[in-house]
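Use the sequences and the hints to build the structure in full.
Number of protein chains: 4
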Amino acid sequence: MSSDRLTRSADRTQAIMRTTLELAEEVGYAKLSIEAVAARTGVGKHTIYRRWPSKGALFLDAVLTPSEPGLDYPDTGDIVADLRRQICAAVDLLGRPPLRHLYQALVGEAQHNPDVAAALNERFIRPQAERTVARLRRARDQGQLAPGFDLEIAMDILSGPLYFRLLITQEPLTHEYVERVLDVLLAGMRPRP
Amino acid sequence: MSSDRLTRSADRTQAIMRTTLELAEEVGYAKLSIEAVAARTGVGKHTIYRRWPSKGALFLDAVLTPSEPGLDYPDTGDIVADLRRQICAAVDLLGRPPLRHLYQALVGEAQHNPDVAAALNERFIRPQAERTVARLRRARDQGQLAPGFDLEIAMDILSGPLYFRLLITQEPLTHEYVERVLDVLLAGMRPRP
Amino acid sequence: MSSDRLTRSADRTQAIMRTTLELAEEVGYAKLSIEAVAARTGVGKHTIYRRWPSKGALFLDAVLTPSEPGLDYPDTGDIVADLRRQICAAVDLLGRPPLRHLYQALVGEAQHNPDVAAALNERFIRPQAERTVARLRRARDQGQLAPGFDLEIAMDILSGPLYFRLLITQEPLTHEYVERVLDVLLAGMRPRP
Amino acid sequence: MSSDRLTRSADRTQAIMRTTLELAEEVGYAKLSIEAVAARTGVGKHTIYRRWPSKGALFLDAVLTPSEPGLDYPDTGDIVADLRRQICAAVDLLGRPPLRHLYQALVGEAQHNPDVAAALNERFIRPQAERTVARLRRARDQGQLAPGFDLEIAMDILSGPLYFRLLITQEPLTHEYVERVLDVLLAGMRPRP
DNA sequence: TATTAAACGAGACGGTACGTCGCGTCTTGGT
DNA sequence: ACCAAGACGCGACGTACCGTCTCGTTTAATA
Chain F
554 MSSDRLTRSA DRTQAIMRTT LELAEEVGYA KLSIEAVAAR TGVGKHTIYR RWPSKGALFL
614 DAVLTPSEPG LDYPDTGDIV ADLRRQICAA VDLLGRPPLR HLYQALVGEA QHNPDVAAAL
674 NERFIRPQAE RTVARLRRAR DQGQLAPGFD LEIAMDILSG PLYFRLLITQ EPLTHEYVER
734 VLDVLLAGMR PRP
Chain Z
554 MSSDRLTRSA DRTQAIMRTT LELAEEVGYA KLSIEAVAAR TGVGKHTIYR RWPSKGALFL
614 DAVLTPSEPG LDYPDTGDIV ADLRRQICAA VDLLGRPPLR HLYQALVGEA QHNPDVAAAL
674 NERFIRPQAE RTVARLRRAR DQGQLAPGFD LEIAMDILSG PLYFRLLITQ EPLTHEYVER
734 VLDVLLAGMR PRP
Chain U
554 MSSDRLTRSA DRTQAIMRTT LELAEEVGYA KLSIEAVAAR TGVGKHTIYR RWPSKGALFL
614 DAVLTPSEPG LDYPDTGDIV ADLRRQICAA VDLLGRPPLR HLYQALVGEA QHNPDVAAAL
674 NERFIRPQAE RTVARLRRAR DQGQLAPGFD LEIAMDILSG PLYFRLLITQ EPLTHEYVER
734 VLDVLLAGMR PRP
Chain A
554 MSSDRLTRSA DRTQAIMRTT LELAEEVGYA KLSIEAVAAR TGVGKHTIYR RWPSKGALFL
614 DAVLTPSEPG LDYPDTGDIV ADLRRQICAA VDLLGRPPLR HLYQALVGEA QHNPDVAAAL
674 NERFIRPQAE RTVARLRRAR DQGQLAPGFD LEIAMDILSG PLYFRLLITQ EPLTHEYVER
734 VLDVLLAGMR PRP
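Protein chains in written order, with the working numbering: chain F, 554 to 746; chain Z, 554 to 746; chain U, 554 to 746; chain A, 554 to 746.
These are computed hints drawn from the structure, not numbers from a lab.
Each pair may be met inside one copy or between any two copies, as identical chains are not told apart.
In silico DSS-like links for lysine-lysine, alpha-carbon gap of 30 Å or less: (1) K584 - K608; (2) K598 - K584; (3) K608 - K598.
So this is what it looks like as structure tokens:
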């Protein structure tokens with residue numbers, strides 16, 4: 554039988570993260586307190602501090618754990634369709650309730666806390682980016698993209714505008730917006746001869 | 554003389570904002586406190602609360618005021634050169650010390666505080682964006698850009714990747730990076746026939 | 554007109570000390586907490602810490618303040634009657650409810666906290682002792698006591714046994730006990746020739 | 554062979570008490586914690602709680618065990634000499650380092666914890682007192698003391714002033730002080746005719 | 001010139017949460 | 001079967017700031 558202690562520990566860990574999301578949705582990340590999480594979970598503060606070094610670290614775990622490991626990247630052979638599908642999925646997940654505000658707050662916290670920033674990259678951003686770049690590379694090898702095409706920049710251009718909308722102008726993220734980005738990226742800026 | 558009182562008031566306001574930047578550089582935005590700003594400036598807390606409703610609002614003012622109104626957009630007739638110049642200037646200002654960390658923190662705070670987000674957009678992001686779009690429109694009218702070119706998206710594609718680097722992957726912002734973004738945006742993704 | 558602010562401050566100070574005694578009677582000194590005193594008084598913890606450096610110091614003030622400055626020493630000309638009266642008064646005050654347990658706890662705390670010990674001596678023990686010694690000296694000068702009589706030791710012999718009962722054997726303190734101490738002290742140990 | 558386990562138990566018990574004294578000397582009784590005793594002894598907390606119900610009880614054992622059973626009361630026939638010898642021995646033991654502060658703390662704890670108070674009396678104070686009273690009774694029977702002499706009070710007068718000095722005024726305890734107490738007790742207060 | 005009203009420094013105040021410590025109980029794994 | 005190790009719920013510690021609220025004290029504009 555699996556470990557009683559680990560099970561119990563894991564139970565608590567799960568319960569704490571669940572409460573964290575709950576409270577974050579109710580009062581917002583800024584007003585979230587470890588004290589309140591402990592109280593509502595029915596757990597000592599120590600039990601939280603034993604697991605996470607800061608509110609930010611806890612919140613990161615709480616937000617990211619349910620989404621991991623993330624969706625597989627599709628490969629239908631049509632690079633544009635695959636990108637569209639993948640980006641729309643991301644937009645649907647991160648750009649709408651309930652995750653939108655939580656994810657926004659998470660990125661906000663990352664600006665104040667280097668550990669959170671690092672973990673966010675390590676666990677979420679980089680893997681996603683690597684999958685995207687890999688898919689792009691495959692497409693380029695198959696001649697669907699221009700031979701000298703800059704894959705890393707393409708990746709940033711696919712993500713950047715969405716984050717710009719999410720974090721800076723804080724406008725809604727729609728599939729139509731994704732479409733427009735793809736269009737510009739596909740065609741480029743220059744008038745065709 | 555006319556504005557003796559205003560001047561004195563203005564002096565205080567300036568002094569408070571100066572101290573705010575000072576302290577933010579020393580201890581970081583997260584550990585910045587109105588209490589400490591008041592103490593170091595030699596000012597009562599009331600005098601700060603009379604002027605700003607929150608730490609975020611004060612910080613926003615402190616960071617943005619010195620940079621306003623921002624540089625005029627150049628128009629040499631060459632749209633690519635003008636964009637490069639403008640974006641590099643922005644990168645040099647916001648992507649390096651001393652402003653980089655402060656600006657990062659400011660955007661971070663905007664994720665938790667809608668007022669800060671709104672003010673940041675109103676005072677900094679939107680004007681900048683509007684100037685860029687106007688410049689792009691002029692270029693399109695002159696035939697330097699494709700006729701149906703999506704100016705708003707272009708604007709987001711020019712900014713987004715930089716913010717993605719600044720806020721998410723937190724890698725350095727270089728002129729070379731700006732160049733690569735411009736390259737991809739100019740040429741587009743598709744192989745030319 | 555007296556100071557509004559001082560008045561208010563004094564009010565709070567009084568209220569805190571009152572609550573302290575209240576709680577000490579309810580749960581005992583050992584379980585008394587500054588947290589609880591603050592909560593019941595409706596006062597921030599800071600307001601207590603601003604006034605007293607420790608629970609012991611607060612408790613000392615709370616216990617001693619109402620009893621100060623202490624009763625005048627009587628001088629009827631009869632030293633034995635005066636001593637009896639004075640000691641019985643002290644016993645009635647400190648050796649019975651409600652003060653007995655509080656005073657016991659105060660002396661207990663003094664064993665762990667030198668500041669409390671010093672303040673207890675300064676404010677309560679020494680003044681009392683000095684009055685007693687002064688009264689004894691007057692009696693000796695008048696020939697009511699043996700000429701070489703050791704006044705300081707007499708003082709200790711008048712107090713010591715009471716404290717021994719109060720703190721060590723923790724038996725009740727009665728007037729009869731006072732009487733017996735006085736009897737032995739008057740007559741001495743040696744058989745009279 | 555028999556008591557292998559008991560021996561081991563006894564070893565642990567001894568080790569815990571030793572560490573307790575060690576730590577009490579280092580940081581004072583107030584800052585002593587069972588947690589720290591367990592850690593330094595290399596023992597689980599349970600092992601301590603299995604043996605003692607509270608920090609006070611442990612401390613009492615730790616302080617009193619080495620001094621037990623106490624010195625035999627001398628009987629040289631000269632009551633004054635015997636008292637002097639016995640009291641000076643007690644003063645030397647309890648009124649000087651290293652025991653002075655520990656014993657002070659023990660009595661302090663007894664003010665907050667009735668169990669400690671009871672045990673202190675039972676194991677230390679009463680036996681000592683009974684021996685003293687027995688010795689005094691023998692002396693009275695032999696005519697060395699006045700016939701109606703109040704032995705219990707005498708006992709309290711011999712102890713009380715010392716405890717008063719130790720606990721209240723916290724002045725040093727010297728043989729000279731013992732002498733002065735004996736002198737007053739012997740002669741009494743009244744002028745001889 | 002004297003009066004009045006505002007802004008000011010200083011900081012007390014009721015709160016909330018921090019991160020730490022130790023309590024006494026309970027569980028686990030090793031010996 | 002007993003033990004060290006230490007997780008756990010709990011409660012209090014003493015600290016830091018929050019944002020609000022007097023206090024007297026300048027300071028300037030008005031009467």
